[in-house]
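Enquirer: Could you put together the complete structure from these sequences and hints?
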Amino acid sequence: MEFELNSKEPIYIQIKRFMKMRIVSGELKEGERLLSVRDYASELKVNPNTILRVYAELENEGLINTQRGIGKFVTEDVENIKVLRKQASTDLLKDFILKSKVLGFSKEEIVELITEMYEEV
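What the sequence shown shows, in my numbering, is residues 53 to 173, in sequence order.
No lab work stands behind these hints: they were computed from the structure. Ideal placement from N, C-alpha and C gives every residue a C-beta, glycine not left out. A hint or two may mislead.
To be verified - For lysine to aspartate or glutamate, the following EDC-like pairs were computed, each having C-alpha atoms within a straight-line distance of at most 16 Å: (1) Lys-81 <-> Glu-131; (2) Lys-124 <-> Glu-113; (3) Lys-159 <-> Glu-172; (4) Lys-134 <-> Glu-79; (5) Lys-124 <-> Glu-109; (6) Lys-134 <-> Asp-91; (7) Lys-151 <-> Glu-161; (8) Lys-153 <-> Glu-171; (9) Lys-81 <-> Asp-147; (10) Lys-134 <-> Glu-113; (11) Lys-124 <-> Asp-91; (12) Lys-60 <-> Glu-113; (13) Lys-124 <-> Glu-84; (14) Lys-124 <-> Glu-82; (15) Lys-124 <-> Glu-111.
To be verified - Label pairs and their computed distance ranges (CB to CB): (16) Ile-149 <-> Leu-57: 38 to 44 Å; (17) Ile-162 <-> Asn-101: 40 to 46 Å; (18) Ile-122 <-> Ile-166: 42 to 48 Å; (19) Leu-165 <-> Asn-117: 38 to 44 Å; (20) Gly-156 <-> Asn-112: 40 to 46 Å.
Expert: Put into structure tokens, the structure is as follows:
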């Protein structure tokens, strides 16, 4: 999963969303150690305080935890990750459905479109 900054929203929100997606998609595994604040900031070419804020918010959401003196790790709470994964998919689908309705698609057409797209991917 590639990360690319845009100027439309705050950097920490973009990084947080990216990290969250990597966790719920399984790209970052349960219990996996994260890069240090300094290393991750250097990799993304952002201020370390930005990464500190991202890590703090992810920890508040229960997605990562700190082992004092060792580092930060992806949570091993599989149920929390499942809930967040389902929520992320639901949010994407809601957005897709709302936009499709604005374009004039019926429920049946939306279901058909999703089915076709699912088969293609």
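Enquirer: Each of the hints needs a verdict: does it hold here or not?
Expert: Quick rundown of the hints versus the structure:
| no. | hint | result |
| --- | --- | --- |
| 1 | Lys-81 <-> Glu-131 | 13 Å, holds |
| 2 | Lys-124 <-> Glu-113 | 14 Å, holds |
| 3 | Lys-159 <-> Glu-172 | 20 Å, violated |
| 4 | Lys-134 <-> Glu-79 | 14 Å, holds |
| 5 | Lys-124 <-> Glu-109 | 13 Å, holds |
| 6 | Lys-134 <-> Asp-91 | 28 Å, violated |
| 7 | Lys-151 <-> Glu-161 | 13 Å, holds |
| 8 | Lys-153 <-> Glu-171 | 22 Å, violated |
| 9 | Lys-81 <-> Asp-147 | 27 Å, violated |
| 10 | Lys-134 <-> Glu-113 | 13 Å, holds |
| 11 | Lys-124 <-> Asp-91 | 12 Å, holds |
| 12 | Lys-60 <-> Glu-113 | 24 Å, violated |
| 13 | Lys-124 <-> Glu-84 | 9 Å, holds |
| 14 | Lys-124 <-> Glu-82 | 12 Å, holds |
| 15 | Lys-124 <-> Glu-111 | 9 Å, holds |
| 16 | Ile-149 <-> Leu-57: 38 to 44 Å | 29 Å, violated |
| 17 | Ile-162 <-> Asn-101: 40 to 46 Å | 43 Å, holds |
| 18 | Ile-122 <-> Ile-166: 42 to 48 Å | 44 Å, holds |
| 19 | Leu-165 <-> Asn-117: 38 to 44 Å | 40 Å, holds |
| 20 | Gly-156 <-> Asn-112: 40 to 46 Å | 41 Å, holds |
The structure is inconsistent with the numbered hints 3, 6, 8, 9, 12, 16, although it conforms to all the rest.
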